[in-house]
Amino acid sequence: MAETAAPEILPGTILEEGEKSKSGLEPGYLVVCWNDPVNFMQYVTHVFQTVFGWTRKKAEFHMLQVHERGKSVLARESLEKAEHYVHQLQKYSLHATMERDQ
Amino acid sequence: MKVVRGAGQFQLHLSQHEKILLLEVLKLYPRISSAHHRLSKSSNLPNLAADQRLLDEALAEQRAKNKQQLDELLANPQRFEETPKSLRLSLSRAEFEWLLQILNDIRVGSWIHLGSPEDLRPPLNEVNATHFWNMEMASYFEAQLLDAL
Numbered sequence: 001m002a003e004t005a006a007p008e009i010l011p012g013t014i015l016e017e018g019e020k021s022k023s024g025l026e027p028g029y030l031v032v033c034w035n036d037p038v039n040f041m042q043y044v045t046h047v048f049q050t051v052f053g054w055t056r057k058k059a060e061f062h063m064l065q066v067h068e069r070g071k072s073v074l075a076r077e078s079l080e081k082a083e084h085y086v087h088q089l090q091k092y093s094l095h096a097t098m099e100r101d102q
Numbered sequence: 001m002k003v004v005r006g007a008g009q010f011q012l013h014l015s016q017h018e019k020i021l022l023l024e025v026l027k028l029y030p031r032i033s034s035a036h037h038r039l040s041k042s043s044n045l046p047n048l049a050a051d052q053r054l055l056d057e058a059l060a061e062q063r064a065k066n067k068q069q070l071d072e073l074l075a076n077p078q079r080f081e082e083t084p085k086s087l088r089l090s091l092s093r094a095e096f097e098w099l100l101q102i103l104n105d106i107r108v109g110s111w112i113h114l115g116s117p118e119d120l121r122p123p124l125n126e127v128n129a130t131h132f133w134n135m136e137m138a139s140y141f142e143a144q145l146l147d148a149l
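Those sequence lines, one after another, are chains A and B.
According to the working numbering, numbering within the first sequence proceeds without interruption in unit steps and concludes at 102.
According to the working numbering, numbering within the second sequence proceeds without interruption in unit steps and concludes at 149.
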């Protein structure tokens, strides 16, 4: 699976306001999948396997967490990677968001 | 419909009725608006508004690409080969994955149009019955694709 490349800051480049700071590269963001009654359990397992390259067993574990607890934290990543995973999961119509790890 | 998994490809065997129903349900794509998904439930992310906009654009672009690919499939009746007992639609692994995404969008989008009910069998009336029917038709085909995985 393609990963989002980290932004390259060249020597002498001034980080403009609004650009992602170094903190955006630190793994402080959670990728969360939330329960909904509509997605098939088998489909959710398949999407987790596809997006994260997980084994069926691991994907089923997280799918059941979503189903039984209402949500599952799927990954703890940098801002860019978390955004990438949320996009991938939403592409499959799953209810996924990213949240700052408090 | 019967789905046969072969080496690197999937074959969907459909009756004439199923083919017509599949093509009709696929015409509903996309059912989820690109502005439906939220990047975060909280508001404490840096650049949330800009990142949300980028996400909306990326999803819109993805849907446009899917729609184009779908229109090409719908416009090409030769993709369905006649066999003595059925019509056969051969899909690569990537196309199979794509079709699964399309059908799930229609299923979830129809559920959203139903008002996102917790109970998947909500009381029906003449307004929401069509959304329910669309959701069920997408479910019928999606479930069979999932069984073939």
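There may be inaccurate statements among the hints.
[Said to hold, decoys possible] Label pairs and their calculated CB-CB ranges:
| no. | chain 1 | residue 1 | chain 2 | residue 2 | range |
| --- | --- | --- | --- | --- | --- |
| 1 | B | P77 | A | T50 | 28 to 38 Å |
| 2 | A | G70 | B | T83 | 30 to 40 Å |
| 3 | A | G70 | B | A7 | 23 to 33 Å |
| 4 | A | Q65 | B | Q78 | 39 to 49 Å |
| 5 | B | T83 | A | L64 | 21 to 31 Å |
[Stated by the list, open to error] Negatives, chain A to chain B, calculated, CB over 12 Å:
| no. | residue |
| --- | --- |
| 6 | T55 |
| 7 | F61 |
| 8 | R69 |
| 9 | A82 |
| 10 | A96 |
[Said to hold, decoys possible] Covered by chain B, per the in silico footprint, the following chain A stretches (three or more residues, Cβ under 8 Å):
| no. | segment |
| --- | --- |
| 11 | 71-81 |
| 12 | 86-93 |
Honestly, the hints are just simulated from the structure, not real lab data.
Think of the CB as a built atom: it goes at the ideal place given N, C-alpha and C, for glycine as much as any other residue.
Structure-based check of each hint:
Evaluation of the 28 to 38 Å hint for B/P77 and A/T50 yields a pass: the beta carbon distance comes to about 30 Å. The supplied range of 30 to 40 Å is broken by A/G70 and B/T83, whose beta-carbon atoms lie about 46 Å from each other. A beta carbon spacing of about 40 Å between A/G70 and B/A7 contradicts the range 23 to 33 Å that was offered as a hint. Checked against the given bound of 39 to 49 Å, the beta carbons of A/Q65 and B/Q78, roughly 45 Å apart, stay inside it.
In this structure the hint that B/T83 and A/L64 lie 21 to 31 Å apart at CB is violated, the actual value being about 40 Å. A cut-off of 12 Å between C-beta atoms confirms that A/T55 is not in contact with chain B; the least separation is 14 Å. Interface exclusion of A/F61 from chain B stands, the closest Cβ pair being 18 Å apart, more than 12 Å. Annotated as non-interface, A/R69 keeps its C-beta farther than 12 Å from every C-beta of chain B; the closest such distance is 16 Å.
Non-interface call for A/A82 relative to chain B: violated, since the shortest CB-CB distance, roughly 9 Å, does not exceed 12 Å. Taking the minimum C-beta to C-beta distance to chain B, about 8 Å, the non-interface status of A/A96 is violated against the 12 Å cut. Counting residues of the segment 71-81 of chain A whose C-beta lies closer than 8 Å to any C-beta of chain B gives 1; at least three are required, and the coverage claim is violated. A count of 6 residues in the segment 86-93 of chain A with a Cβ less than 8 Å from any Cβ of chain B is obtained; the coverage claim is therefore met, three being the minimum.
When held up to the earlier numbered hints, the structure conflicts with 2, 3, 5, 9, 10, 11 and fits the remainder.
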